[in-house]
Amino acid sequence: MIYAPATPASIPVLLAARHIEGAEVTIFANHAQANAQFLRGEVDILVTGLSVGVELFNNGAPVQVIDSYVAGMTYLVTRGQPIADLADLRGRSIYLPFEGSPIEEVTRFFVEQAGLRWQTDVRPIYAPFTSSVELLKQGRADVVALPEPFVSLIEGLPDLHVSLGYRELWDTLTGASSGYPQVTPFVTREWAAANADLVDRFNAEIAAALDALHADPAGAVAQTHEALGLPAPALAAALNRTDFAYLDGADLAKAIRDYYQAIGKPLDSAFDAFFYRDSARAAQ
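The opening residue of the sequence shown carries number 48 in this note's numbering; numbering runs sequentially from there.
Any given hint could turn out to be false.
Straight-line distance between alpha carbons at most 20 Å, and here's what the computed SDA-like set of lysine to any residue pairs gives [claimed, not checked]:
1. 312 with 207
2. 301 with 105
3. 184 with 221
4. 184 with 127
5. 312 with 127
6. 301 with 287
7. 184 with 207
Quick list of the computed label-pair ranges, beta carbon to beta carbon [what the hints assert, rightly or not]:
8. 316 with 206: 33 to 43 Å
9. 258 with 304: 23 to 33 Å
10. 301 with 263: 24 to 34 Å
11. 80 with 297: 26 to 36 Å
12. 247 with 128: 14 to 24 Å
13. 287 with 316: 21 to 31 Å
14. 290 with 80: 46 to 56 Å
15. 320 with 185: 41 to 51 Å
Derived from the structure by calculation, the hints contain no laboratory data. For every residue, glycine included, the Cβ atom is placed at its ideal position computed from N, Cα and C.
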């Protein structure tokens, strides 16, 4: 049982599951409910934002990250004038999905790198994506951090601008060249230990799905837009703004540790158990 969100990031998951006998993908909308079902053992693989899994681990949940494959899908959408520099956010509010979310984590990093003070120079306001999109449409929100597909669903509306891409910001500020780990599948340690072959198969099929996606994006959209509940043109536009980069094993552990080191939240040695392949090798 695989749970994945209704975003273009789930296209590879849907494609991969077709090649794994008995795999079933449920597209979820309620993140809190999906997390709870995962922790109760009702979901085998939970696909969600990296910091969600890190927070679960910090709270004592026996979760492990098995790969990462999305390196960019978030944008700063503004009403009125486009923003070309993060310093332009001084004195403004920015809408984010919830406190401690993956998007808030990196947005705060960007703001502080621009020499601004979080919650003083830039004030976060928390609202679900659907709510902040409506506030944008109504002219009641001016700056919203949004992932795909929400960006493509509102692109072209009067007075709205897709101002800045988070992957490009990250690469500029850190000297990276392929974004940062954003969407990651999680398992529990017990399930992973009992299903090592299946975890490896899932990872292999995700990598293969990414190759298929790059070779035929239109075909991938045609195969998945109904499951994701999105019009094919909107999903195609969202896919065009989503950057994929597959990582597992030691490369994954390094990328995640580098990310948290960069944002000032280094992971301690307890996180050795957070990485599936590192812990699997250590047990051998």
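Consistency of the hints with the structure:
For the suggested pair residue 312 and residue 207, the alpha carbons sit about 33 Å apart, so the restraint of at most 20 Å is broken. Proposed proximity of residue 301 and residue 105 is supported: the alpha carbons are some 18 Å apart, at most 20 Å. In summary, the hint linking residue 184 to residue 221 is not supported, as the alpha carbons are separated by about 33 Å, beyond the 20 Å threshold. At most 20 Å may separate the alpha-carbon atoms for a hinted pair to count; residue 184 and residue 127 meet this at roughly 12 Å.
Note on residue 312 and residue 127: the hinted pairing is violated, with a Cα-Cα distance of about 34 Å set against a maximum of 20 Å. A threshold of 20 Å between alpha carbons decides the hint, and for residue 301 with residue 287 the separation of about 27 Å lies outside it, so the pair is violated. Distance hint between residue 184 and residue 207 is fulfilled; the C-alpha atoms sit about 8 Å from each other, no more than 20 Å. At roughly 50 Å, the beta-carbon separation of residue 316 and residue 206 lies outside the given 33 to 43 Å, and the hint is violated.
The given range of 23 to 33 Å is respected by residue 258 and residue 304, whose C-beta atoms sit roughly 27 Å from each other. Range check, residue 301 to residue 263: Cβ separation about 31 Å, and the 24 to 34 Å hint holds. Under the hint 26 to 36 Å, the C-beta atoms of residue 80 and residue 297, about 34 Å apart, fit the expected range. Take residue 247 and residue 128: their Cβ atoms lie about 49 Å apart, and the range 14 to 24 Å is violated.
Between residue 287 and residue 316 the beta carbon distance is about 40 Å. The supplied range of 21 to 31 Å is therefore violated. Under the hint 46 to 56 Å, the C-beta atoms of residue 290 and residue 80, about 28 Å apart, miss the expected range. In this structure the supplied range 41 to 51 Å holds for residue 320 paired with residue 185, their Cβ-Cβ distance being about 46 Å.
Figure legend: structure checked against the earlier numbered hints; hints not met, in rising order: 1, 3, 5, 6, 8, 12, 13, 14.
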